Amino acid sequence: QQPVQSPQAVILREGEDAVINCSSSKALYSVHWYRQKHGEAPVFLMILLKGGEQKGHDKISASFNEKKQQSSLYLTASQLSYSGTYFCGTYGSSNTGKLIFGQGTTLQVKP
Amino acid sequence: DGGITQSPKYLFRKEGQNVTLSCEQNLNHDAMYWYRQDPGQGLRLIYYSQIVNDFQKGDIAEGYSVSREKKESFPLTVTSAQKNPTAFYLCASRLRGLDPNTEAFFGQGTRLTVV
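Chains as they are written, first to last, in my numbering: chain A, 1 to 111; chain B, 1 to 115.
Any given hint could be a false lead.
Below 20 Å or equal to it, Euclidean Cα-Cα: the simulated EDC-like pairs (lysine to aspartate or glutamate) are [to be verified]:
no.: 1; chain 1: A; residue 1: Lys68; chain 2: A; residue 2: Glu53
no.: 2; chain 1: A; residue 1: Lys98; chain 2: B; residue 2: Asp99
no.: 3; chain 1: B; residue 1: Lys57; chain 2: B; residue 2: Asp30
no.: 4; chain 1: A; residue 1: Lys98; chain 2: B; residue 2: Glu72
no.: 5; chain 1: A; residue 1: Lys37; chain 2: B; residue 2: Asp38
The set of hints was computed from the structure by calculation and includes no laboratory data. Quick caveat, the model's predicted, so the values are computed rather than measured.
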């Protein structure tokens, strides 16, 4: 039932790009993306709504293909501060308030 | 400052004892959630609540119980029936639980160790 994220882990050099994928087996209303630094609480990045546009801020953007029930998070020209674990959260089309998360993708950016 | 407060940060209990984790928010959010975080398994939903005096089981509710007597509070009890309770527990809230366009705010978590 949890959405499936891939890859599980990524190691990058500063300035390189990365893509993190999130796939659900159920129809979705929205997809959320969060980043968690070690020992800290997850922090919200963005929400993508069914029928909405691709979103982004700074060099982090995301897309949502509602027909395929998939979302991708794009990190371009990665910075050291991008290191952490990224989680996608999925909100089902049944609209019950249930928000569930994937297993996470650990991103490490090296100098 | 508005936010979500989880206490305590670290908790140790003996096997067979029930333990209650506290979660309080002063954001005036309607919905509250409990997640369990284990290495490699991400965040798994235990219970969630959209309004006072109502809550729903998540994907791994067995061995846990909750109450929502006040809008700002959503305590989680880990009972002796939970077979592997040692984990990091995160509480979250959302302004409007039934709005898919509302983000979650997380507390700092409680690390529970059962010995």
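Verification of the hints:
Restraint check: the Cα-Cα separation between A:Lys68 and A:Glu53 comes to about 16 Å, which is no more than 20 Å; the hinted pair holds. Distance check on the hinted pair: A:Lys98 and B:Asp99 sit about 10 Å apart at the alpha-carbon level, within 20 Å; holds. Of the pairs offered as hints, the one joining B:Lys57 and B:Asp30 holds, with about 17 Å between alpha carbons and a cut-off of 20 Å not exceeded. Restraint check for A:Lys98 and B:Glu72: the C-alpha separation of about 19 Å stays at or below 20 Å, so the hint holds.
Between A:Lys37 and B:Asp38, the direct Cα distance comes to roughly 15 Å. Compliance with the 20 Å bound is thereby established for this hinted pair.
This entry satisfies every hint, going by the numbered hints stated previously.
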